[in-house]
Amino acid sequence: MRIALTGGGTGGHLFPIIAVAREIKKVVEQSIVQIPPDKIGPVEFIFIGPQTVGEEVLAQEGIEHKKIMAGKLRRYPSLQNIADIFKMPIGLLQALWHLFFFMPNVVFSKGGFGSVPVVLAAWLFRIPILIHESDAVPGVANSFGAKFSTRIAIAFNEAGKYLPPQKVALTGNPVRTILLSGDKEKAKTLFGLTGLKSVILILGGSQGAQALNEVIAASLLSLLSRCEIIHQCGPDNEEAIKTLLNNKLPDSYHLYPFLNEEQMREALAAADMVISRAGAGSIAEISVLGKPSILIPLPNAAADHQNINANEFARYGATLVLEQMNLTPNLLQNRIFALLDNPDLLKKMGNNAKQFNPPDAAQKIAQEILTIAKW
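Note that the numbering used here numbers the sequence shown so that position 149 is 149, with each residue one more than the last.
For the record, the hints were derived by calculation from the structure and aren't laboratory data.
You may find that some hints are simply not true.
[Said to hold, decoys possible] Straight-line distance between alpha carbons at most 25 angstroms, and here's what the computed DSS-like set of lysine-lysine pairs gives:
| # | residue 1 | residue 2 |
| --- | --- | --- |
| 1 | Lys364 | Lys347 |
| 2 | Lys87 | Lys66 |
| 3 | Lys25 | Lys364 |
| 4 | Lys354 | Lys364 |
| 5 | Lys197 | Lys347 |
| 6 | Lys25 | Lys67 |
| 7 | Lys161 | Lys364 |
| 8 | Lys248 | Lys188 |
| 9 | Lys347 | Lys184 |
| 10 | Lys242 | Lys197 |
| 11 | Lys374 | Lys364 |
[What the hints assert, rightly or not] Simulated restraints, written as ranges between beta carbons of each label pair:
| # | residue 1 | residue 2 | range |
| --- | --- | --- | --- |
| 12 | Asp360 | Glu323 | 31 to 41 angstroms |
| 13 | Leu345 | Leu245 | 30 to 40 angstroms |
| 14 | Lys184 | Ser225 | 17 to 27 angstroms |
For glycine and all other residues, C-beta sits at the position ideal for the given N, C-alpha and C.
Could you put together the complete structure from these sequences and hints?
Here is the structure:
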């Protein structure tokens, strides 16, 4: 069995792919699906796409990365659109080349601009395609890819309105199971936590969030009077935050450009509350782990999908949504302290969060992939 994986260049695309790939291996090894005797054997994977956040995870999984050029499909005018026009046909030729020599039974696409050449090449080779849409409103790549796909997995019911209904299966967003096994005591050692204050985990996504980072820096001393903070700021923002703090990081403030799997697992275990952008992957992790949260949607996200994601989650009573345009250090501090002062509400938010995203989403998608691969 050969499976090609593809997606855009962010952690929001890659980490769900890793979750599904791991689940496929587990499903096959444990014979959770019926496999014809003449088809029993190891599953081979390749990832075809642009340079991506989390390259080291692909290597750890033994998944070879075949890099291709990919032009971003922007919804807004930009001079970069001109340059990217020329990348698209080159990326398609590269994808055709890699697929020809690997010739998978199925392609699993997580969407994003990096997936478009691979999905189109797979369709030309008549390879079955399953795409997964994380957000409440499908992105440009998946809206395009839906025309060529065999099956479409979605995480939000809302997304089904924009996609061919006969192809759609509601699965939820896949979460890496390794993130579910964190330990608060291990987190204390890993991050140097005292355990004397509430722990706030701040996530701007794998690429960080500059506006969120600036508000955190401005309110940091006040927050640290009651909290310890683990902050994933994004590789491009680390030095800027250090400059804002005069290169003096307080003892209770633990700044990281990017959290690897072990760090993310333990940080989520330690967190009493998560403050995050409203990417679908982050919401899924918050949901499965039952963490109360404050979500600050990215205001210029395509089709306003982060705001829609956040409000869908908020309908469950699982999170507090703050708009970035209204965000000030005082407002953020007041909302955090108000929640910390109400432990019953925090517990209720965490319980409500667990109802949002099914914990077995990766297994559902794995089974869909193996079904259309026609063992």
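Hints versus structure:
1. Lys364 <-> Lys347: violated, 28 angstroms
2. Lys87 <-> Lys66: Holds: Lys87 and Lys66 sit about 16 angstroms apart, inside 25 angstroms.
3. Lys25 <-> Lys364: holds, 13 angstroms
4. Lys354 <-> Lys364: holds, 17 angstroms
5. Lys197 <-> Lys347: This hinted pair holds, its Cα atoms lying about 17 angstroms apart.
6. Lys25 <-> Lys67: holds, 23 angstroms
7. Lys161 <-> Lys364: Measuring from Cα to Cα gives roughly 21 angstroms; hence the hint holds.
8. Lys248 <-> Lys188: holds, 21 angstroms
9. Lys347 <-> Lys184: holds, 17 angstroms
10. Lys242 <-> Lys197: holds, 23 angstroms
11. Lys374 <-> Lys364: This hinted pair holds, its Cα atoms lying about 16 angstroms apart.
12. Asp360 <-> Glu323: 31 to 41 angstroms: The hint (31 to 41 angstroms, Cβ to Cβ) holds, given that Asp360 and Glu323 are roughly 33 angstroms apart.
13. Leu345 <-> Leu245: 30 to 40 angstroms: holds, 31 angstroms
14. Lys184 <-> Ser225: 17 to 27 angstroms: Once the Cβ atoms are compared, 22 angstroms apart, the range 17 to 27 angstroms for Ser225 and Lys184 holds.
Checked against the numbered hints above, the structure violates only hint 1.
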